[in-house]
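Student: Residue strings, one per chain:
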Amino acid sequence: MKNSVQIANNEIISDLLPQKFGKAGKIWTGFLVVVCLVGVYAYYRQLRYGLIVTSMRDYVSWGIYISNFVFFVAISLVGSLITAVFRLAGVHWSTPLTRIAEMIAVAAIIFASLIIIVDMGSPERFYNLFIHGRIQSPIIWDVIVITTYFFISILLLYFPLLPDIKILLAFKEKSGARLNKFYSFIGSFWKGSPEQFKISERAINILCITIIPVAFTIHTVTSWLFATTYRPGWDSTNFGAYFISGAFLVGAGGVVVAMYVFRKAYHLEKYINESHFEKMGRIVVLMALLYLYFNVNEYLVPAFKMKTSEEAHLNALFNGDFAILFWFAILVGMILPIIILLFKKGRKPLPVFIVGVMVVVGAWFKRYLIVTPTLLHPFLPMHDVPESYRHYFPSWEEWAITLGSLAGVMLVITILARIFPIIPIQETITEQHENVE
Amino acid sequence: MKTLSKNIAALLAIILLLSGYNCFAQGAAKGDVSITLNYFLVNNQVPYLVVRAKTKVDGRFQPVSGISVKLFLDKDSAGTFIGKVVTNNKGEAAAFIPASAKAEWGTTVKHTFLAAFNGNKQYEAAKGDLAVTRAKILMTASSDKKVTAVVFELKDTSWVPVKGVDLKFAVKRMDADLPINETATFTTDSTGTASADFKRDSIPGDAKGNITLVAKVEDNDTYGNLVVEKTIPWGAKFVPVSNFNERSLYGTGDKAPIWLLSIVYSIVVVVWGILIILVASIFKIKKLGKAV
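Protein chains in written order, with the working numbering: chain G, 1 to 437; chain A, 438 to 729.
Next comes chain A alone, as it looks inside the complex (with noise of 0.2 Å):
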C-alpha cells in the first residue's frame, strides 16, 4: 500500500511538471494571411474562383497551404454558399460556382464574392472579396486569318458591347500562350470589337494542323479573367516520329542497328573461320602423320 501511494505521488509529481511545463509556455503570436480572390470564365461556361492565401515571413510573401476557406456569393449566408476549399502547396484552391447558387447569381449583373478564413493555430481569422459584373467575350475567324473578339457585358437582361477593354490573342501552347503577332494587347473600340491578324503561319499543330486560338481579358477590374478558345486549321500539320521500338542501341535485341549487327557478325566470321581452318590444319597435320 505504501509503495502504491509513492507510485501515485510519483505519477501526479510527473503530470503537474509537464502541466507547468505548459502553463509557463508562452503562446507563439499567430500569424496574419492575406486572402485574394479571382474569377475566371473559360469558353462562357461555368464560372469559377481562385482563392489564393498568402503571409509576410521577413519581409517577404509566402503561400499558405492546407487552410480551409469558406466560399460565399453576395451575402454570408447558407443560401449563397459556393463551397470550401483546401489550399494547396501553392496556397491556392479552387471552387466551380454551384448550381445551388444558380438563383443568386441571377438576380443581378453584378456581384461580390467573398472568401472567409476563420483562423487556426497558426493564422489568425481572415476574409478576403472580389466584384465582378458578368461579362463575356465571342471570337471569330475569318479566312483571310483575322481573328475578332468582341467584348460583352450583362446590363439588365441584354448582353451590350463594351469599349476600352484590354484583350490578348494568343496560340495555345502546352506551357504558355503565344502571342498572333508581335502586338501584346487589343482594345475593344465603341462597338466592344477588338481584331488581330494572325501571324503564325509556320506555328506546328496536331496532324490535322489544328491549333487553339484564345481571346482573353486578364485580371480586369470589372470583368475578372475571361477567356475563350476556338480551335483552327491554321497550324503546320504535325506527325510526331517516335523512333520507339526501331532499331537502336537501346532496342531489344531483336532491335540492333543492321551496322552493328554487321560489324559484330564480320568480325565473328572472320575470327571463327580462321580459327576453323586452323583446326582443319590440325587434321591435315594427322593425316600427314599417319601418312609417314
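Pulled out of the complex, with its shape left as it was, chain G reads as follows (with noise of 0.2 Å):
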C-alpha cells in the first residue's frame, strides 16, 4: 500500500461499509436461492425414496457428493492460506483479502459437514456416527476435524470483526434496524481500548498458529479417507501432500475469482488493485506448479509400472471414459493456468479472474477423477452384476443437490458480503496511518 493513494479515514468507511444489494446483487441472490430450493427439492424426494434416486449402486458408492465434499474441504484451507500463513509471514499486502478467504472458508467448511450428511442417504444416520463411530476410522478424524476446524474458522473470522462492528455501529444509518441489532449483539462490548486490541490481537495469533496444523490435518484426514483403502488409484503414500497441494490451489484460485468479483461489483480497485493480482497470480501458478509435480507422481509412476491390476483403471484416466475429464482438469486446471500466470499481461485483473475460474472449475473436476474412476475399477472383477451397477452417471437429484451445495456456498458468502465489510476497515485505517508515518 506504500505506494498507493492514501486515502482518508472517511472515505475509506465509506468505501468498504457494507451496501444494500442493487439490482444486479437481488437478481443473483434470487438465483442462488432458486438453485438452493431445487436442490432442497432434490433432498426431499431422496428423503423420501432413498438413495435410490441417486446413481450410486454397490459399486460406486461415493459419487458426487463425495468429490464436492472434497472440493469444499478443499477450498475452505484457503482461510489458513491467506489468514493464517501471510499474517505469520508478515505480509500486508494480503490484508484487504483475509475476510474474502475467511468468508469463503466458512461458507465452504458448513457446506462440506452438509453434504456428508447427505451422502449417508438418511441424515439420523450421522448420529450413529457418535454412538457406534470407532476412533480408528479416518471417517471419525475427519468429523472431529471438520468439527475444529468450522469453529477456528468462525473465530478467525469473528476476532477482526469485532473493530469493525464498533464502525459499523457508529454509522448505524447505512445500515437496517434488524442489522444494528445482530452488530450490537455480536460486538457492541467492544470499546477499541488497548487491552481489548491486545487481548484480540494474541487471540488471533494463536488462531493463525492453531489453524495451520488443523488445516493440515484435515485435508490430510481427508486424503486418507482414500489412501487407507486398498483401491487401485488411492493406494498411495503421496495422497496427502498430493491433496494440501490441490487445495492450496484450488483455495487460491478461489479467492482471485471472488476478489475479482467483489472489486467489480463493489468497485473496490482502489483497495484490491493490480499488485494484488499480480501476487496472487504468482501464487496461483507456485501452487499449480507444485499440484502438477505431484499429479505426475501420482499418475506417472502408476503408469511406467502398468500393474496389471491398476491398468484398468488408469487406461480409463488416460484414454478410455475418463479421458476428457481428465485430460480438461489437467489441462485447464493446471498446464494453461500455468502458462498464462508466466507471463505478466497474464497477471492482470481479467485474466488472473478467467485462470481462477479454470483453476476451480478444473478442481472440482480433478476431486471427481479422484473419487469416482477408483470405484468402477476393484481389484476382484464384477461379476454377475446389474448394468448399471458398472457405469456411474449422477442423477438429476445427484446434480441438483450439488449444485445447490454450491449454490449455498456461494449464497452464504453473498449473505456474509452484505452483512459484514468485505475488505477490514479498522486494519485497513491502521495500515494506512502506519504507512504515512
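Since the hints were derived computationally from the structure, they do not count as laboratory data. Worth double-checking, as some hints may not be accurate.
Mimicking DSBU-like on lysine-lysine, the simulated pairs with C-alpha atoms at most 30 Å apart in a straight line are [to be verified]: (1) A:LYS723 x G:LYS191; (2) G:LYS198 x A:LYS721; (3) A:LYS721 x G:LYS181; (4) A:LYS724 x G:LYS181; (5) A:LYS653 x A:LYS605; (6) A:LYS727 x G:LYS166; (7) G:LYS191 x A:LYS724; (8) A:LYS723 x G:LYS166; (9) G:LYS174 x A:LYS723; (10) G:LYS20 x G:LYS172; (11) A:LYS727 x G:LYS198; (12) A:LYS721 x G:LYS166; (13) A:LYS727 x G:LYS174; (14) G:LYS198 x A:LYS723; (15) A:LYS723 x G:LYS172; (16) A:LYS723 x G:LYS181; (17) G:LYS191 x A:LYS727; (18) G:LYS172 x A:LYS721; (19) G:LYS174 x A:LYS724; (20) A:LYS674 x A:LYS645; (21) G:LYS166 x A:LYS724; (22) G:LYS264 x G:LYS26; (23) A:LYS727 x G:LYS181; (24) A:LYS721 x G:LYS191; (25) A:LYS724 x G:LYS172; (26) G:LYS26 x G:LYS174; (27) A:LYS467 x A:LYS547; (28) A:LYS521 x G:LYS172.
The task is to assemble the complex, starting from two chains supplied on their own in separate frames and drawing on the hints.
Tutor: Pasting the structure below:
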C-alpha cells in the first residue's frame, strides 16, 4: 500500500461499509436461492425415496457428493493460507483479501459438513457416527477435524471483525435496524481500548498458529479416507501432500475469483488493485506447479509400472471413459493456468480471474476423477451385477443437490458480504496510518 | 380348413427338417476311460476303496467326473456288491467295504476287487480290478523315542510277519506327513519289523504336546495302502495365540489401541483447550468493554 494513493479515513469507511444489494445483487441472490431450493427439493426426494434416486450403487458408493465434499474441504483451506500463513509471515499486502478468504473458508466448511450428511442418505445416520463410531476410522478423524476447523474459522472471522463492528455501529444509518441489532449483539462491547486490542491480537495470533496444523490435518485426513483403503488410484503414500497442494491451489483460485467479482461489484479498485492480482497470480502459478508435480508423481509412476490390477483404472483415465475429463482437469486446471500466469500480462485482473475460474472448475472435476473412476475399477472383477452397477452418471437429484450446495456456498459468501465489510475497515485504516508515518 | 391344412403341412415340414438334421449328424466317437482301484486300510479298521477314472485328451490324462462305477468283491454278482459310486471333479470316488460283504471277505486271505463302468454317451464301458492280500501294521513307541512297526499278513487264519516290505514313519501334519527323521523309507526285517528314531523334538503339537505318528505302506502291489496312527506327547506344547478381540486398528470402537486413543485425545484436548481459552477471551473483551 506504500505506493498506493493514501485514502482518508472517512472515505475508507464509506467505501468499505457493507452495501445494500443493487439490482444485479438481488438477481444474483435470487438465482442462488432458486438453485438452492431446487437442491432442497431434490434432497426431499432423496429422503422420501431413499438413495435409490441417485445413480450410486454397490460399486460406486461415493459419487459427486463425496467429490463435492473433497472440493469444499479443499477450498476451505484458503482461510489458513491467506489469513494465517500470510499474517504470520508478515505479509501486509494480503490484508484486503483476508476476510474474503475467511468467508470462503466458513461457507465451504459448512457445506462440506452438510454434503456428508446428504451422502449418508438418511440424516439420522449421522447420529450413528457418534454412538457407533470407531476412533480407528479416518471418517471419525474427519468429523473431529472438520468440527474443529469450522470452529477455528468462525473465530478467525469473528475476532478481526470486532473493531469493524464498532465502526458499523457508528454508522447506524447505513444499515437497517435489524442489522444494527445483530451488530450490537455480536460486538457492541468492543470499545477499541488498548487492552481489548491486546487480547484480540493475541487471540488472532494464536488462531493463526492453530489453524495451520488443523488445516493440514483436515485435508490430510480427508486424503486418508481414500489412501487407507486398498484400491487402484488410492493406494498411495503421497495422498496427504497431494491433497494439500491441490487444496492450496483451488483455495487461491477461489480467492482470485472472489476478489475480482467483489472488486467489480463493489468498486473496490482502490483497495484491491492490480498488484494484488499480480501477487495472487504468482501464488496461483506456484501452487499449480506444485500440484502438477504431485500429479506427475501420482499418475506417471503407476503408469510406468502399469500393474495389471491398476491398468484398467489408469487406461480409463488416460484414454478411456474418463479421458476427456482427466485431460481437461490437467490442462485447464493446471497447465494452462501455469502458462498464462507465467507472463506478466497474464497476471492482470481479467486474465487472473479467468485463470481462477479455470482452476476452480478444473479442481472440481479433479476431485470427481479421484473419487469415482477408482470405484468403477475394483481389484476383483465385477461378476453377475446389473448393468447399472458398471457405470456411473449422476442422477438429476445428485446434480441438483450438488449444484444447490455450490450455490449455497456462494449464497453464504454473498450474505456475509452483505452483512460484514468485505475488506477489514479498521485494519485498512491502521495500515494507512502506519504507511503515512 | 384350408388354412389348417397349410399349418399342419408347415409343421410337418419343420419336424421333417429337424429330424433330417439329426439324421445327417454324424455320431461323435466315444472316449476310452481308464479305471484304477486303490485299497486302503487305516488303523486296521474297515477297509475302503478309491476309484480313479481318467481319459486321454490331446495326449494327456484328464480326470473323468460324474460317471457311475459299480464295485464288486471277487465276483461280479449281487452277493458281492460293494456299492455304486460317482466320480467327483477329480475323477475320484470312494467306498467302504460294507457289512453285507463281510461273509465273502472272511472266505479267503486274498481278494480281487472289481470296478465296472457300463459306458455312457461320452465314454465306452470300462473295467478295472485290484488283487489284495489282507495285511495290517502294528506300531509301538518306546520311551527313548524309538518307533517300531511290524507288518503282518493273513495266512490261513493267523497273522504272520512279513519280510521286505517298504514302509514310512511320519508325523501327521495339516497338509502332508512329515518323516520322523532323515530316512525316507524303512524295510521290514525277517520278523516283519522296522524301527526308526524320532528326531522331530521341537515339532509343535497340540496344547498338551500331542502329535500323531504314522506308519504306512504305500501302494504296495500285494497289500495296497496300509496306515496306522498313534497319538503320543512328543511334540512341543502349542497354545495358539489369538489377538482377536484385542485392542487393534481393526477392532471395534471399544477396542481401539491405547496409543491411538492417547494421540487423538491429546490433540483434541490441546486444540479444544486453546479454543476454549480463546472463547473465554471473548468474554474477557466483553467485560473490559463494559468497564469502559
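Student: It remains to establish, for every hint, whether it holds in the given structure.
Tutor: Status of each hint after checking the structure:
Between LYS723 (chain A) and LYS191 (chain G), the direct Cα distance comes to roughly 9 Å. Compliance with the 30 Å bound is thereby established for this hinted pair. About 11 Å separates the Cα atoms of LYS198 (chain G) and LYS721 (chain A), which keeps this hinted pair within 30 Å; it holds. Only pairs whose Cα atoms come within 30 Å are accepted, and LYS721 (chain A) paired with LYS181 (chain G) is accepted, the gap being roughly 22 Å. Between LYS724 (chain A) and LYS181 (chain G) the alpha-carbon distance is near 20 Å, which keeps this suggested pair within the 30 Å criterion.
Proximity of LYS653 (chain A) to LYS605 (chain A) is assessed by CA-CA distance (about 5 Å); at most 30 Å being required, the pair is judged to hold. Pair hint LYS727 (chain A) plus LYS166 (chain G) holds up; C-alpha atoms about 14 Å apart against a cutoff of 30 Å. A distance of roughly 11 Å separates the Cα atoms of LYS191 (chain G) and LYS724 (chain A); the hinted pair therefore holds under the 30 Å criterion. Note on LYS723 (chain A) and LYS166 (chain G): the hinted pairing holds, with a Cα-Cα distance of about 13 Å set against a maximum of 30 Å.
Of the pairs offered as hints, the one joining LYS174 (chain G) and LYS723 (chain A) holds, with about 25 Å between alpha carbons and a cut-off of 30 Å not exceeded. About 13 Å separates the Cα atoms of LYS20 (chain G) and LYS172 (chain G), which keeps this hinted pair within 30 Å; it holds. Restraint check: the Cα-Cα separation between LYS727 (chain A) and LYS198 (chain G) comes to about 16 Å, which is no more than 30 Å; the hinted pair holds. Restraint check for LYS721 (chain A) and LYS166 (chain G): satisfied, since their Cα atoms lie roughly 17 Å apart, inside the 30 Å limit.
For the suggested pair LYS727 (chain A) and LYS174 (chain G), the alpha carbons sit about 25 Å apart, so the restraint of at most 30 Å is met. In summary, the hint linking LYS198 (chain G) to LYS723 (chain A) is supported, as the alpha carbons are separated by about 13 Å, within the 30 Å threshold. Straight-line distance between C-alpha atoms of LYS723 (chain A) and LYS172 (chain G) comes to about 21 Å, which keeps the hinted pair within the 30 Å bound. The suggested pairing of LYS723 (chain A) with LYS181 (chain G) holds, with an alpha-carbon distance near 17 Å, which does not exceed 30 Å.
Between the alpha carbons of LYS191 (chain G) and LYS727 (chain A) the distance comes to roughly 9 Å, so the proposed pair stays at or under 30 Å and holds. Between LYS172 (chain G) and LYS721 (chain A) the alpha-carbon distance is near 26 Å, which keeps this suggested pair within the 30 Å criterion. Straight-line distance between C-alpha atoms of LYS174 (chain G) and LYS724 (chain A) comes to about 28 Å, which keeps the hinted pair within the 30 Å bound. A distance of roughly 5 Å separates the Cα atoms of LYS674 (chain A) and LYS645 (chain A); the hinted pair therefore holds under the 30 Å criterion.
Using a Cα cut-off of 30 Å, the hinted pair LYS166 (chain G) and LYS724 (chain A) holds, with the two alpha carbons roughly 16 Å apart. Between LYS264 (chain G) and LYS26 (chain G) the alpha-carbon distance is near 16 Å, which keeps this suggested pair within the 30 Å criterion. Among the hinted pairs, LYS727 (chain A) with LYS181 (chain G) is consistent with the structure: their alpha-carbon atoms are about 18 Å apart, no more than 30 Å. Our distance criterion of 30 Å between C-alpha atoms is met by LYS721 (chain A) and LYS191 (chain G), whose separation comes to about 13 Å.
The suggested pairing of LYS724 (chain A) with LYS172 (chain G) holds, with an alpha-carbon distance near 23 Å, which does not exceed 30 Å. With a C-alpha separation of about 18 Å, the suggested pairing of LYS26 (chain G) with LYS174 (chain G) holds against the 30 Å cut-off. Pair hint LYS467 (chain A) plus LYS547 (chain A) does not hold up; C-alpha atoms about 35 Å apart against a cutoff of 30 Å. Of the supplied pair hints, the one linking LYS521 (chain A) and LYS172 (chain G) is violated, its CA atoms being roughly 103 Å apart against a limit of 30 Å.
When each numbered hint is compared with the structure, violations occur for hints 27, 28.
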